[in-house]
Structure formats: structure tokens, C-alpha cells
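There are 2 protein chains.
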Amino acid sequence: MDLQVIGKLAKEASYELAVTDSNKKNEALETIALALEANQAEIIEANKLDIQAGIESGLTDALLDRLLLDESRLGAIIGDLRSVVSLADPVGQEFDGKLLENGLKLCKRRVPVGVIGVIYEARPNVTIDIAALCLKTGNASILRGGKETIHSNLVLVKIIQDALEASGLPKTAVQYIENTDRALVGQLLKMDQYVDMIIPRGNSGLQQFCKENSTIPVIIGGIGICHLYAEKTADFDKAIAIIENAKVQRPSVCNALDTLLVDESIAPEFLEKLAEHLQPLGVTLVAEPKAKAILGDKAQAAEPGDFSREWLSLNLGVKVVQDLHEALGHIREHSSEHSDGILTNDFSIANKFINAVNSAAVYVNASTRFTDGSQFGLGAEVAVSTQKLHARGPMGLQELTTYKWVGIGDNLIRS
Amino acid sequence: MDLQVIGKLAKEASYELAVTDSNKKNEALETIALALEANQAEIIEANKLDIQAGIESGLTDALLDRLLLDESRLGAIIGDLRSVVSLADPVGQEFDGKLLENGLKLCKRRVPVGVIGVIYEARPNVTIDIAALCLKTGNASILRGGKETIHSNLVLVKIIQDALEASGLPKTAVQYIENTDRALVGQLLKMDQYVDMIIPRGNSGLQQFCKENSTIPVIIGGIGICHLYAEKTADFDKAIAIIENAKVQRPSVCNALDTLLVDESIAPEFLEKLAEHLQPLGVTLVAEPKAKAILGDKAQAAEPGDFSREWLSLNLGVKVVQDLHEALGHIREHSSEHSDGILTNDFSIANKFINAVNSAAVYVNASTRFTDGSQFGLGAEVAVSTQKLHARGPMGLQELTTYKWVGIGDNLIRS
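Which chain is which? The protein sequence lines are A and B, in order.
For the first sequence, the residue numbers in the numbering used here are 4 to 418.
For the second sequence, the residue numbers in the numbering used here are 4 to 418.
Derived by calculation from the structure, the hints in this document are not laboratory data.
Any given hint might turn out to be false.
If several chains are the same, the list does not tell them apart, and a pair holds so long as it fits within one copy or across any two.
Stated by the list, open to error - Computed cross-link-like contacts, DSS-like style, restricted to lysine-lysine with a CA-CA straight-line distance of at most 30 Å: (1) K174 / K276; (2) K276 / K27; (3) K174 / K11; (4) K276 / K108.
Owing to the predicted nature of the structure, the values given are computational and were not obtained by experimental measurement.
All chains, full assembly: derive it from the sequences and hints.
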């Protein structure tokens, strides 16, 4: 189908969704959940085609694993969908209400953004996930998944659309770009007359492409070059436990630790202890010269660019700094403004760090791993924004809404 | 000076501004106010050069008037600057604070956006205005005014920079792009490593250019194709008073009325009365066929595109609609999502209108002219956003900030 037609239909569906009440949206979500259960066999069959094609085209085992939908994974996805049903609907909330001197009764009311375009890669669970979060918040969605999951996604979207229709909502509330030609992404990014927000869920290449080519506001995020700064008053054992958690618990995600900065006055003792603790866990320390001088064979030498990388592995950059000032300078230069923290017992230094570091999430004596929608109590997560506007950090349902001003007068003119 | 250097210096200044307290920022603003007073003669001399150049290049009287800075206008600008001093500083406000189940003490804290690029046209007052609002909110600014005001702006910016230095703040907190080559705007729009937000204050051509060429988030706004819908239960006299206010009070601004929609059941009587009332005020009714049939010689026939124009004049588009449904359809197709309202005594219809119209400001029985920072009690206005993300409608100081999540733990790891 023509992309312009998809956009127009999505816009029209968004008008209807915007005035659909929470009960009806929840009923539609439950209908989708039931339909996914009823069509489990068909979904798994389609997924086998993707897996087969993936094997033939030589995808890595890791990628094939991301593609895979089996009974248990599908069950988990349906469980997530039902938990979206149980969340509060932010649409319709009113805030900042006031009766103005001029007589106008004014407030802001949360409303859907409208039409959201989502560009993502191999995981088929994203299809259900995003469609559900958009629907819950009254947004129409246009989905563009990777070509590796095309069979799975087409079946999933058909099930969603049939369920929408059965629930009395427009099936065009969730649409999928079936044509896997990459040029269509470029076209989608220019459809600002129909699409209100673009969420690229993918690597930095995709994000950069969207930033450069989109005339629609883009949510940049999901890439974390995260720092912890072990200040000289830090409790060694507790600091090492946090560093371990931040680095080792799930190294492949964006809130995992990438770089440790250590005050030079504690560096010799602290780094020895750290290396001893982390090496058995499989962590490779990647050290700049001062840290390398302390660690010797326990670290490999950092190469140019290593401190500007999101490792997504058990590598950990290590750098010795003179003081808070140098730590701040390093973070400003290298952080992706996702999650950065300080480990300290000095209240004043902690405050200075919080004030000066301008990342989406700034921590004191806590793991960077907390930057997550469910950890933050948002109930769901659409993306983790690392940009400044609209939303920062984990984006939940509320961040899929905007507001409008509602002004009510008793036949009021401006004087 | 090289634009990249300007960007880098602005970014560095933004780090310092972000940790500058409100008192110091207010002192700097007062120092600027005093310096503007002390250098009044020099400013007016420079402005005369702009006026002279404007006359030579054949600018219209209206444009020359916008350029003009005399003692009285400068006094008003300085007055506005001092009123910015008296406003509350949003930076540092904490909200949505909670102690999470996992033990993390979490809140959002308002912080400056960082570096704001502002592209504007002839009015030299914008230079002071924007510099002051950015400074108040801890943002560095990069200003790009029109070439018509270059002499005035260079003097104003030098006065601001000297005052900043005298106040112990970096003079690079406010910078001006002196080179009037248009290519530099295109370059500025790509400097996403330094600039966090672009505000184009100008016509739709400038806004479109920014939307198409910027890799930095752009605040689109300030263009209002505004509607009022006179529903069949509207009180005629009160409705006409609101329409007059919305159209006549200040036709050249974005919140002025552009199109009136009238229910067909009241159209004959209502439009006759309206024409009688508005014609002596100089309003020209521009009517589609049904309205024209009623108004006859009292209206001119609408041409294609007339309902998609921001008039900025005493013209008023008039269209007869069947009902709410047709009115909503027209508004969706033609509104710039700035300000749209309904005139009615039917509570249920009013609610349906509020729910269905998705403009930045939606009114019931009130003039569209209320969409304004000072009318809304924001104290100041940077722009009026008509886009969905970050901010909608009048943007005050708070809309020049973003937030960061601050998480404080007692040596907390994620389980």
C-alpha cells in the first residue's frame, strides 16, 4: 500500500482513538491478547519461516535467538500486553488548572500525540509491545520492523487489526509497512503532515539517519555510554558491588556501565581490589595509561575511541582522574547523557555532581541499571530518551501523550 | 567568528550557567538593564544606520516601523527585561518525587535545555527579549537576527556581553552570528553536538526551512489559522462580540481569528447581523458559496486556498456548516492547531468540541486572542508552539527547561 495512504488512514484513525474511552481501549487490548492466544500455532509457523530464512542468510545465533518466537515467549508477550491493560490511562488527565484574573478557566489536558512512527529491528515482540502502548494512549501507530521478521510481523499485525475491527475500532489504528525497501524509511520520515513523532529503536546508524532525514520530531535514545565516578570518600566494598551490578548484571543493555572514573588518591588500592573482584566474573578492564600503570597485566591498554564506545560487553573502561572537576570534564565529553553516577560519602561533592552532570538520569550511590521504565515505576517503557526535549530517560505511557490548553469562558473577550 | 567555535563556546558557557544560582542570574539581568540605559544614545545611533539602510533598500513603512528603536521603545524593552528579573526561576524545581519500592529516592529536577539557537527577523527587541529569557533559565543562546537590524543588534549584543562579563558570567552565554550570509542558518541547524533547541521566529518559509534542514529539535509555531464555530445555540450578541474581539483587536498577530464557521440553521440571521456589525469596523468577509448566497454583496467570494491562509488582516473567512461534524472536519483540514474555539450554549456539544479538536488551545465561549503567555499567566513568552512535542501553545520560562531524573541510593544495586 502507498505510504501516503497509510499516513492518511493513520491520521484519520487517530481522531477516533483520541475520543475513545479507556474501557473501550482496554477491551480492544484484551481482544488482541485473546486473539494472539487463539492464533498461537499460526504465529509460530510464520516465525519458523523467518528463522529458516535467517539461517539461510547466515544470521548469527544471537540474532536468530532475538528473532525466535516460541510458546513460552509468546506467553510472556501476551502477559506484558495484559499488564498494559492494568495501567492507568494518562489521556484526559487535567493539570495546571487555574482561574485566571481575566476570567478564563484554563487547564492543560493530556491528549494523545496523534500518529507515531516506529522503526525497529529484529525483535518481533516490539510489534505487539508498541502497538499496545500506542493504542492504550490513543495513538495510531505506523510500524516498520526489520526484514528478518517480516513473516512473523505480518501475521501479528493481521491478528491485531482483526481484533481492532472486532472491538469496533479502526483497523488502521495499527498499520505495518510491508515493503521492506529501505527507501520507504526515508519517505516515512518526511510525512510530517500525518506523523507526529518518530521513535527509532535501533543502533546509532539508524538514529543518525532519522536525525538527519526526518522532518518529524524524532526521539533519540537507547544508546548509553554510562559512567560511574568512584570519588575518594567512597566505601570500597559498596562501590565495587555497585560497579559489578552496573557492569555485569546485563552487559548488553543501554544502562550498563561503560566507564569507571577513579580518584587518583584511592586509585592504586581501589583498582587492585576491583580487578580482583571483577576478573573472575569475566570482566576485561580497558585502561588509559595512568590506570594501566596501576593495573599492569590485569588490564588491557585503551585505544583511541574506547571511551566513546558503548561496550555492550563485559569490557569496562577505567580512567584515573585528579578530582571531581576532571571527572565532570570526562563525562561531558564522552557521556551519551543516558545514565551517570557518583560513588561517594561526601554530601557536598555528591550535590556538586548532581548539579553539574546533565544526563537523563544522575545517580548517587546507586547502579546505572536502575534507568528503566519498570524500575522507575512507570509500568512500561517505550524507549529511553537521551535527548533534551519532550521527555528524558525512560518513556512510559505519559510520554506518549502531549497536552492541549482548554480555556472556558462565559463569553469572554480580551481587553 | 567560525560557527563551530561559537557553538563550542556556547556549550561551555551552558555548563557554567546551569550551576549559576537565581540571584546571580538576576543580578546579571539588572546589570544588562542598567547598561542599556547608560548606552541609550549609542543604541539609537546604531538603529539610525539600520533605518537609513532600510529606506535606501526600499523597505515598506510597516517594516521600517518594526525596525525602529527610539527612547520610548527602548524604555519599554528595558521594562520588560526588569519584569523577567521578577519572575520565578523554574530551574531547580523538583517534581514527581517518590521513594521507590527498590529503595531509590527518585525525582525529576528542572534543568536548562542547554544551548538555544534563535533565528528571527526584523525586530531588534527580540535580541534583548530572547537573551534575557534564556539567561534567566540558565541557557546559553546563539542569536541570528535579520540583516536589516544588524547595526542595532551588534550594539545590543556587545552591551549584553560586557554586562555579563561585569557580572562574572561568561560573555559567550549570549552570542550573535554577525555574518548575514544565509548559508550560516543552514550550518547552525546541523550543529546538534552543541545546540539543543532551535526556535525559528519568522514566517512559514523559515519554519519549513528549519523543519527540513535541522538535525536539532525545532520549535514550530507562531502561525495561527484560527477558527471559531458559532453553533446553533450560541447567543448572537455575545458570539458577535467574541468574533469582533478575535478578528479586530489585533488582526496582525497569530491568535487573531481567520475563519468563522456557522451552523446552517442560524446562518441567515446570524450572518446578516454579523456583517452589519463588522462592516463598519473595516472587516471584509470572504465567503464560500453557501455563505456568499446569504451575504450577497456584503461578502466577497472565497478563492481556492483562502481557508488555508493566515490572513493577518481584517479579512475573515466565513463558511456555513451543517453541524458539529462538518465543523470538526473543516478545522482538522485547515487549522494550524494554534487556537480554535466554539460559541455555544449546549454543554454537551461544547464537550464534544473540546474533546475532538486537537489544537494547542481550545476555547469555549472565549476569544482566540487569549492564547498568549501573559494572558495565560506565564509572565513571558518565548514562542507559541503549534507542534505536539515538548510544549504546546504559549511557551514561558518553564518551556525553556527540561528535566533530569535524580536518583539517590544508599549503595543500591538492582536485583
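Status of each hint after checking the structure:
1. For the homomeric pair K174 and K276, neither the shortest alpha-carbon distance inside one copy (59 Å) nor that between copies (46 Å) is at most 30 Å.
2. Taking the shortest Cα distances, K276 and K27 never come within 30 Å of each other, neither inside one copy (57 Å) nor across copies (44 Å).
3. In this homomeric assembly, K174 and K11 come within 30 Å of each other (Cα to Cα) only inside a single copy, at 13 Å, whereas the closest approach across copies is 49 Å.
4. For the homomeric pair K276 and K108, the shortest alpha-carbon distance between copies (29 Å) is at most 30 Å, but the shortest distance inside one copy (63 Å) is not.
Violated hints, listed in ascending order, are 1 and 2; each of the other numbered hints is respected by the structure.
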